[in-house]
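Work the whole structure out from these sequences, hints included.
Taken in sequence, the protein lines are chains P and L. Going by this note's numbering, the first residue of the first sequence is number 51, and it counts up by one from there. Going by this note's numbering, the first residue of the second sequence is number 3, and it counts up by one from there.
Incorrect hints may appear among the rest.
[Claimed, not checked] Chain L residues, not near chain P, derived (Cβ > 12 Å throughout): (1) Ile7; (2) Glu8; (3) Gly13; (4) Leu15; (5) Arg56; (6) Gln69; (7) Ala71; (8) Glu74; (9) Gly115; (10) Leu117; (11) Leu118; (12) Asp122; (13) Arg154; (14) Asp160; (15) His161.
[To be verified] Here are the simulated DSSO-like cross-link-like pairs (lysine-lysine), alpha carbons at most 27 Å apart as the crow flies: (16) P:Lys77 with L:Lys58; (17) P:Lys77 with L:Lys151; (18) L:Lys83 with L:Lys150; (19) P:Lys761 with L:Lys129; (20) P:Lys77 with L:Lys47; (21) L:Lys150 with P:Lys705; (22) L:Lys150 with P:Lys77; (23) P:Lys105 with P:Lys200; (24) L:Lys47 with P:Lys761.
Think of the hints as simulated: they come from the structure by calculation, not from any bench. From a predicted model like this one, the values you see are computed outputs, not experimental measurements. Just so it is clear, CB atoms sit at the ideal spot from N, CA and C, and this is done for glycine as well.
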Amino acid sequence: MSVKASESVRIGERIRRREAERLIAGKGTFVDDVPLAGTLYVGFVRSPYAHARIKSIDARAARSMGGVHAVVTGDDLVKELAEVRGGPARHVKVYPLAVGKVRYVGEPVAAVAADTRYLAEDAAENIAVEYEPLPAVVDPEKAMEESSAKLFDELESNIVYEYHFSTPDLDAVFQRADHVFSLRLNSHRLTPFPMEPRAYAAEYDAREGTLTCWASTAGPHGFRTRLAEILGFPESKLRVIAPDVGGSFGVKNGGYQDEVIVPLLALKLGRPVKWAETRIEHLRSARQGRDQIHYIDVAVNGDGTVVAIRDKIIADLGCSYGIDNSISSAALYVPGVYRIRNYRVDAYGIATNKANHGSLRGIGKAEAAFVIERTMDIVARRLGMDPVELRKKNFIPPEAFPYRSVTGALYDSGQYEKCLDQALELARYQQAKEEKKRLRGEGVYRGVGVAFVMEPTSSSRIYATGGYATCRIRIEPSGSVTVFSSVGDQGQGHGTTLSAIVASRIGFPLDKIFVIRGDTGATPYGFGTGSSRSSVVQMNAAYLAAERLREKLVKIAARNLRVPAKELAIRDGKISSAEDPTKSMSLREIVRLAYGAIHLLPEDEEPGLEVTSHFINPNIDYVADERGRMNTFSTYPYAAIVAVVDVDIETGFVKIVRYCTVHDCGNIINPQIVETQHYGSVVQGIGAAIYEHIVYDDEGQLLTASLMDYKVPTVEEVPDIQLGHLVTPSPFSPLGTKGAGETGMLGPPPALASAIEDALAEFGAEIRSTPYTPERVLALIREARKGSLRAGA
Amino acid sequence: MIREIEVKVNGRLYRARVEPRTLLVHMLRDTLGLTGAHIGCVVGKCGACTVLWRGKQVKSCMVFAVQTAGTEILTIEGLQKDGELHPLQRAFWDMDAAECGYCTPGMLMAAYGFLLANPDPAEDEIKHAIAGNLCRCTGYRNIVEAIKKAARQLREADHGQHPER
Chain P
51 MSVKASESVR
61 IGERIRRREA
71 ERLIAGKGTF
81 VDDVPLAGTL
91 YVGFVRSPYA
101 HARIKSIDAR
111 AARSMGGVHA
121 VVTGDDLVKE
131 LAEVRGGPAR
141 HVKVYPLAVG
151 KVRYVGEPVA
161 AVAADTRYLA
171 EDAAENIAVE
181 YEPLPAVVDP
191 EKAMEESSAK
201 LFDELESNIV
211 YEYHFSTPDL
221 DAVFQRADHV
231 FSLRLNSHRL
241 TPFPMEPRAY
251 AAEYDAREGT
261 LTCWASTAGP
271 HGFRTRLAEI
281 LGFPESKLRV
291 IAPDVGGSFG
301 VKNGGYQDEV
311 IVPLLALKLG
321 RPVKWAETRI
331 EHLRSARQGR
341 DQIHYIDVAV
351 NGDGTVVAIR
361 DKIIADLGCS
371 YGIDNSISSA
381 ALYVPGVYRI
391 RNYRVDAYGI
401 ATNKANHGSL
411 RGIGKAEAAF
421 VIERTMDIVA
431 RRLGMDPVEL
441 RKKNFIPPEA
451 FPYRSVTGAL
461 YDSGQYEKCL
471 DQALELARYQ
481 QAKEEKKRLR
491 GEGVYRGVGV
501 AFVMEPTSSS
511 RIYATGGYAT
521 CRIRIEPSGS
531 VTVFSSVGDQ
541 GQGHGTTLSA
551 IVASRIGFPL
561 DKIFVIRGDT
571 GATPYGFGTG
581 SSRSSVVQMN
591 AAYLAAERLR
601 EKLVKIAARN
611 LRVPAKELAI
621 RDGKISSAED
631 PTKSMSLREI
641 VRLAYGAIHL
651 LPEDEEPGLE
661 VTSHFINPNI
671 DYVADERGRM
681 NTFSTYPYAA
691 IVAVVDVDIE
701 TGFVKIVRYC
711 TVHDCGNIIN
721 PQIVETQHYG
731 SVVQGIGAAI
741 YEHIVYDDEG
751 QLLTASLMDY
761 KVPTVEEVPD
771 IQLGHLVTPS
781 PFSPLGTKGA
791 GETGMLGPPP
801 ALASAIEDAL
811 AEFGAEIRST
821 PYTPERVLAL
831 IREARKGSLR
841 AGA
Chain L
3 MIREIEVKVN
13 GRLYRARVEP
23 RTLLVHMLRD
33 TLGLTGAHIG
43 CVVGKCGACT
53 VLWRGKQVKS
63 CMVFAVQTAG
73 TEILTIEGLQ
83 KDGELHPLQR
93 AFWDMDAAEC
103 GYCTPGMLMA
113 AYGFLLANPD
123 PAEDEIKHAI
133 AGNLCRCTGY
143 RNIVEAIKKA
153 ARQLREADHG
163 QHPER
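Written out as structure tokens, the structure is:
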């Protein structure tokens, strides 16, 4: 790496990840690593049924076991706690442990605290729960029918959320169009799968009256507020620490039904309490993602111009104890990077007897990208057009930015055609097409596919992500710099990027800068990570705070050197005059003066060197206009992909030969971090496209509750990934950054579908659903062959 | 049913009281306080708890603590020498092979054990060696590059010490 820690840096330099040294040395502190003397461990009793009434719970045997300190059930908590939160439509009360009824396999029913992990599990097994099974609601389309069993007796149906949007006169546009195609497109159910499952630890200090809770969460501040409200404990006496967090990918955003159990037991028992979720518990009860069906009608003119889209979305939201933003995110962004001005969407969120639906890297937007990219490929084939040309014909052109989409989204900046061309060049697209022809002669089914995905980032929703972030920076009297970030970190490298931004403004070396994050006792209030918002809101907040500090340092120097501030520059630990280098003060001297000799400060400056700045996304709508249009994201990064695959038509196995992608996330703070993030994101997308699949049977039993059944890509599933950058800065922030975490993940489902379809072109196969497992690819070939036989007859 | 065993971990002799069913990873973490090995699945499928047992990489959730009585174990905490990162660790840092860091200790121990037995591996062999270790952040590319780099450096250092070879 080119930069030493003792040097100051510029934004955009490739700096080795500062926080990695501890982690590589085995000195990371994840929640379960936090040493707490005399810890009790929690075990949960979880429902084996997808849908059942709880008839009785007999915990006498567990309570009488030596080393068991507490047993709690849902009914106990109803008496003690405030309502946890409104479920669907805010008509349904949800408690930390099931009350009356269970609605998914894995729903917590009772909890115990015991001396060891093993004993906690033994005790949980000694709790006898009698259930009366009810019909399981599994298929979301059947769940919409009146005859379906209902999850919530309090509600009229299983439809727990609706979203509707339409431009005027849509039917007329469809009638005038040369072609109308109808498709049913489906993104299947996934789980985010961070390497560290969820975990909580808590300790009550009776002398101070403070409750400290460690949580593997992406949003410690929100958790603290929920704890205060649910436990009825003063928020001021609560401290939540998200120490090292072993990945999230959305699954650790927001609240969980059972999240208050550990702190509650710590309060009740006056001893430290811990719970580390097992992987089976995680797969059963952590939030899952995707799982949307889209019924699309697309109207196209003879020249390939897409003039209108009509979409009906059916989203499987699982038990719906909390409702996420997947539906509106999908609905607002189906038109994607294309200039489509006529659009209607009717979306329905359906409660089913599955684990709660929630955030997963690219939530909603991945489903939208799959839908529009599949649509473009299928339209191109049916019209006999080149899929690249069809996309280029419909792209929003560079001169149209900032571009207001049909749904009211405000796209910040982009050069879509340039990006696609760069990807075609990176992949040697024409050559690959020719090679495909040659290989077909040798019996190889090679396919070359394209996709173009856009990822709205830096979400700004009221009460959910807020639309702002805060950074406090203090230059300490002895000359080190503390950066307090409102956003935590689950592996994104904020400690490195934030310190580089600060160093670049105030000229202090990296090894003097320390970033504090994830601790509500120290950091400003914030909404945590999500929708790749940190590189937009948090980084710009740090930039603004550092810039104000820089101005203050320079003003102090100007006053004391008696030269105009504009003559001064920070370099080599000093602030010196460009005109007269003898007029110079060391940063050290200025810092001491700012704290200790305030009579030497400029008149309008306060003592000390501490600044708090907010960055507020400038281009956000917090409420929709009269026609339902709104912009809820501030930046719109995107990526073009060319994928080359070989399909084995005997086994259905897809081998990715090359995966070439060019992405644009605006200005890059640290290329190393962006690249690593992008590789990981692409590989997670490959998992989503081919390997990973959350499967429930007709009774709502989870068939994929372990790594034996839920296949996360290993190193051996990773193809040759080639990555190119294109930089189009965002005009909406001083740093010009956009989110960088998710475009990678969005690419593989549409790009690999495009490539597989190309490989199977002679069969006329059309892919309308993820994933592309061998058995599904074989079925696709079988179906296509049957279809062509029928067509031939 | 508590048994007391003696086990050498990172060169230091420990006495530990464990149940017959206690897994090695739980003894390391909960009894000995060595929390470097992490638990990602506890059924031998993710590799986050990989350590060296009798000189070979093993998933410590697949071994009972009592089985290790009288034997030697090396964990991530023992990979550094005199406070200096091992060249393999340094390569992980240089090549940006760790993001959230949860899988990293297990990944490092799997790679370390592998390189002990295969100092000059082909890329395919490296991939095969860590195929039982999941990483969700990095996409593996930098991990493979780091192991390649470390193997090269370790071989060069080895040649430096034994010029006659």
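To see whether the hints hold, each was checked on the structure:
1. Separation of L:Ile7 from chain P is adequate, the least Cβ-Cβ distance of about 17 Å exceeding the 12 Å criterion.
2. With a minimum CB-CB distance of about 21 Å to chain P, L:Glu8 clears the 12 Å threshold, and the non-interface call stands.
3. A cut-off of 12 Å between C-beta atoms confirms that L:Gly13 is not in contact with chain P; the least separation is 15 Å.
4. The non-interface label for L:Leu15 is consistent with chain P: the shortest C-beta to C-beta separation is roughly 20 Å, beyond 12 Å.
5. The Cβ of L:Arg56 lies farther than 12 Å from every Cβ of chain P, with a closest approach of about 20 Å, so its non-interface assignment holds.
6. Every CB of chain P lies more than 12 Å from the CB of L:Gln69, the least distance being 17 Å, so the non-interface label holds.
7. Non-interface call for L:Ala71 relative to chain P: holds, since the shortest CB-CB distance, roughly 19 Å, exceeds 12 Å.
8. With a least CB separation of 18 Å from chain P, L:Glu74 remains clear of the 12 Å interface cut-off, as annotated.
9. Every CB of chain P is more than 12 Å from the CB of L:Gly115 (nearest about 15 Å), matching its label as outside the interface.
10. Every CB of chain P lies more than 12 Å from the CB of L:Leu117, the least distance being 15 Å, so the non-interface label holds.
11. For L:Leu118, the requirement that its beta carbon stay farther than 12 Å from each beta carbon of chain P is met, with the minimum near 18 Å.
12. Remark: the non-interface label on L:Asp122 is consistent with the geometry, its nearest Cβ contact in chain P lying 19 Å away (cut-off 12 Å).
13. Residue-level check passed: L:Arg154 sits 18 Å from the nearest beta carbon of chain P, beyond 12 Å.
14. Separation of L:Asp160 from chain P is adequate, the least Cβ-Cβ distance of about 22 Å exceeding the 12 Å criterion.
15. Separation of L:His161 from chain P is adequate, the least Cβ-Cβ distance of about 25 Å exceeding the 12 Å criterion.
16. Restraint check for P:Lys77 and L:Lys58: the C-alpha separation of about 22 Å stays at or below 27 Å, so the hint holds.
17. As the CA atoms of P:Lys77 and L:Lys151 are separated by approximately 23 Å, the hinted pair is consistent with the 27 Å bound.
18. For the hint linking L:Lys83 to L:Lys150, the alpha-carbon distance of about 21 Å falls within 27 Å, and the restraint holds.
19. Between P:Lys761 and L:Lys129 the alpha-carbon distance is near 17 Å, which keeps this suggested pair within the 27 Å criterion.
20. For the suggested pair P:Lys77 and L:Lys47, the alpha carbons sit about 23 Å apart, so the restraint of at most 27 Å is met.
21. Straight-line distance between C-alpha atoms of L:Lys150 and P:Lys705 comes to about 24 Å, which keeps the hinted pair within the 27 Å bound.
22. Between the alpha carbons of L:Lys150 and P:Lys77 the distance comes to roughly 24 Å, so the proposed pair stays at or under 27 Å and holds.
23. Between P:Lys105 and P:Lys200 the alpha-carbon distance is near 19 Å, which keeps this suggested pair within the 27 Å criterion.
24. Between the alpha carbons of L:Lys47 and P:Lys761 the distance comes to roughly 10 Å, so the proposed pair stays at or under 27 Å and holds.
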